[in-house]
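**Student:** Take a look at the letters that make up each chain.
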Amino acid sequence: MLKKSIKWLLIPMVLVSAAVILYGWYLSGRIEKRFSARLWRVPSTVYSDTTLLYPGQGFDRKNLAAKLESLGYRTVAGPPQKQGEMRLAKGYLEAYLNDLKIPAQHRPGNPVRLRFDRGRIKSIERIDTGERLPILELEPEEIGQFYGPERERRQLVSIRQVPPNLVRATLAAEDSRFYGHHGFDPVGILRAFYVNLRAGRIRQGGSTITQQLAKNFFLTPERTISRKLNELVMSVVIELKYQKDEILEIYLNDIYLGQNGTVAIDGVGEACLFYFAKSVKDISLAEAATIAGIIRAPGRYSPYIDKERCRQRRDAVLKAMSAKNWISDPELQAALVQPIETVGESAAVKKAPYFMDYLSHQLESLYSPDDLTRLGLAIYTTLDTRVQYAAEQALYRGLRRLESSIATLKRADPAQKLQGAVVVIQPKTGFILAMVGGRDYAASQYNRITQSRRQPGSAFKPFIYLAALDQLTPASRLSNEPRTYMIGGRPWTPENAAQEVEGETSVSMRTALATSNNRATVDLAMKTGLEQVVEKTVPFQFSTPIKPYPSLALGAFEVVPLELARAYCVFAGGGTLPHPLSIKDVTDDHGRLLSQSHLNIERLISPAKAYIITDMLKSVVSEGTARALSGWNLPGPFAGKTGTTNNFRDAWFVGYTPDILALVWVGFDNGDPVKASGAKAALPIWAELVKTIPQYISGADFKMPDGVVARTVCSESGLLAAGRTCPLPIKEIFLEDRVPDQPCPLHPARNAIKDLIDGIKDLFGGRP
Amino acid sequence: MALKISSAAAHRHQGFIFGVVCGLLLFGCMPQTKVSVHDKQTIPAPLPARKPSELPTVKPDSAQAQAAEALVDQGRQLLAQGAPDAAIRVLERSVALDSNSGLNYYYLAEAWLMKQNVQQAREFNRLADLHLGRDPEWKTRIDRQNDRISTLGH
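If you read the sequences in order, they're chains A and B.
Note that my numbering numbers the first sequence so that position 391 is 391, with each residue one more than the last.
Note that my numbering numbers the second sequence so that position 38 is 1038, with each residue one more than the last.
Hints listed in this document are in silico derivations from the structure and should not be mistaken for laboratory results.
Everything numeric in this text was worked out from a predicted model, so none of it was measured.
Only true hints are included.
A few chain A residues facing chain B, derived, Cβ under 10 Å:
#1 104
#2 135
#3 427
#4 603
#5 700
Beta carbons: idealized from backbone N, C-alpha and C, even for Gly.
Pulled out of the complex, with its shape left as it was, chain A reads as follows (with noise of 0.2 Å):
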């Protein structure tokens, strides 16, 4: 009898064993696999390029104000005294710098002190020390998020560099016998069941931490019994598996602990920045014990949603920490009467939304979309949030002004609405500083920088007059007179614009590029060659074809104006052809660095003839289309030309320094007149954009190369006017090899007789 009752006894015994060990290897295996992946999706994150400072460079105070503010760094009364601090005083500025940590670069957070002078900065100095520093850099700023569906932010963190405090604090507010149980806290459980009993409702959960877990990862949130078993028999597997620190770092990286609009903010790295713009590793006590209480309910317990709730749930924390004996009653008494001071919500936009989506597409090659949305990478691009700005404001009021001066150009419906895109790059790097691609990302995502092809207009003249430089010189002549030209057996006569330049037979080449003269420069198309024209901008690389036509001269066939904007990089750069370049450096979410892009420049034109054709765009700013620039009292000189295309479809300005080149276009989408100029349209908002930009304004001209001599030469003829009677001898530059050598054909020799006599008058006043 006793044995058959031991057999019956032992059958389901056994069968039961049998039964978890199969449940418990399964779940071992779902509990591994699971851990072992990527555990979270981690939104790859962007930043822009450093900024930097040095002594004699155009930025003033509230300038660097604004561009630290947006880093972050919080204004005091005083001297800064902790990074991230700074102080704006008369004549000078303070800041203890946050560390810089960049790819292969990482410099420790000091307090400098930046005096300035008249919109310039006049010297930097470390305050601790007083060394003078001829140059300074600050921390890239975060542009943007690539997110996934879920809408997650999250900063990763090694439990290595969470604080003992926030550990203790989340233990405290969460599971205070983690380190005793094994999975589950029946002491714990029981607790919870005396106090909803006696409350009448569920006031308290008994979960542990890994429990929660267990929740979080593998169960629905239903409260069944088959789930809260499960979630128990998985809590000891976890702990069985894992040590009780990597349970921990993942569930402090996993938490939820509020929102930012429509982002999630999970884990308490995230958390920290969120809500105190600290790294985990800087939070004190009390900022420890607020997080750890938001974990029980964030809606509810968030500073940013009831301030006063939260400073209720942070004490309970602290003194339920107190109670553990985890710190002393002075640090209880002082962490208690530490006001909650967060660093205030802002809303987890895009700041240069168009440039986000030209880099997802640059990175294509690299990763998926899907990587860039989990992978946490950090993306270190050649943005400058400044110059973004300066152009999303430029273009953004330069198109208002044109619509309230031309009404017709007004639409009611934001799809159909006056458009305009704008780019700005280093000529000589190739380093994209800001890229706007239309007025309005939420309205249209159409990126008119990138994607659009549009007809260039005069601003593709440059490249004729390029080509015509290894027979011509500035100071040859062109033809201003009509005459009609055959394509595909149609007359075509290119008229001009400009009304000024008629009546006149010949125009020279400098006065037809700085006037956008038509007639001329199909003339001078035609002299050089329209196939040698076409075969002199191959190596421009514009993506479009170019068709050796007459009209190719006045910039008839499409472009994208991100190539033209790089095209014209050569002329700006000293010849040399830049790669466009976005994206610098992409590291892992542990910092490792995964992928570099550097400077990759092309030696396309000889520096002399790059600097000719600026010396020549030159006089388009100060004597030519571009003059209404004069008016914008901006610390020159530039160089630019304007472009507009057929019935007003397109307007152009391209302008650069030595340092900055820009690219303005307004338009119709459906190609609808926008009834303005180039000159009128387009060169507003440049102008706007550069005036907000002084720090990429030096004032340096252009440095004239080698291979470039300047001669007096007489302005009709375009020869040699040394030892003639020119009424109106210039000083034109050439190439060494295409000096003229002849004299001037229209006007006699001087008389060297009657010159000593006029010499000998003029000395003694005798000539008015």
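Take the given structure of chain A and dock chain B to it, following the hints.
**Tutor:** Relative to chain A, chain B alone:
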């Protein structure tokens, strides 16, 4: 069911049951090993350090050029420390500030040489020659650098 192993005297039976469950589960888990939750990735080892040559200085003539020169100095120091990647970043910034000095191009060529990238080294050597080639002393050094690039290329 209350389980607590730290107070074994008070809860011996519960401890025993917990031990059995854990033992069984442990057995179930045996084929698998403890795993780390961190991904592992290696960083390439740095290239050997190389001392930059002693070179004559070129006087900058503006605040911007002075800043560019300060960056060239930083770049030189980084090269001396055997950190060509960091040096390239700094020297690229120098080019943005002053592309006429030629010093930045010379050291960029040196950095790319250190990274054994012949094509980039050659391009920057050519640019250095364009800007500094009229100075006889620099010309000698640029030519020597070009020889080293050619040797590496072969």
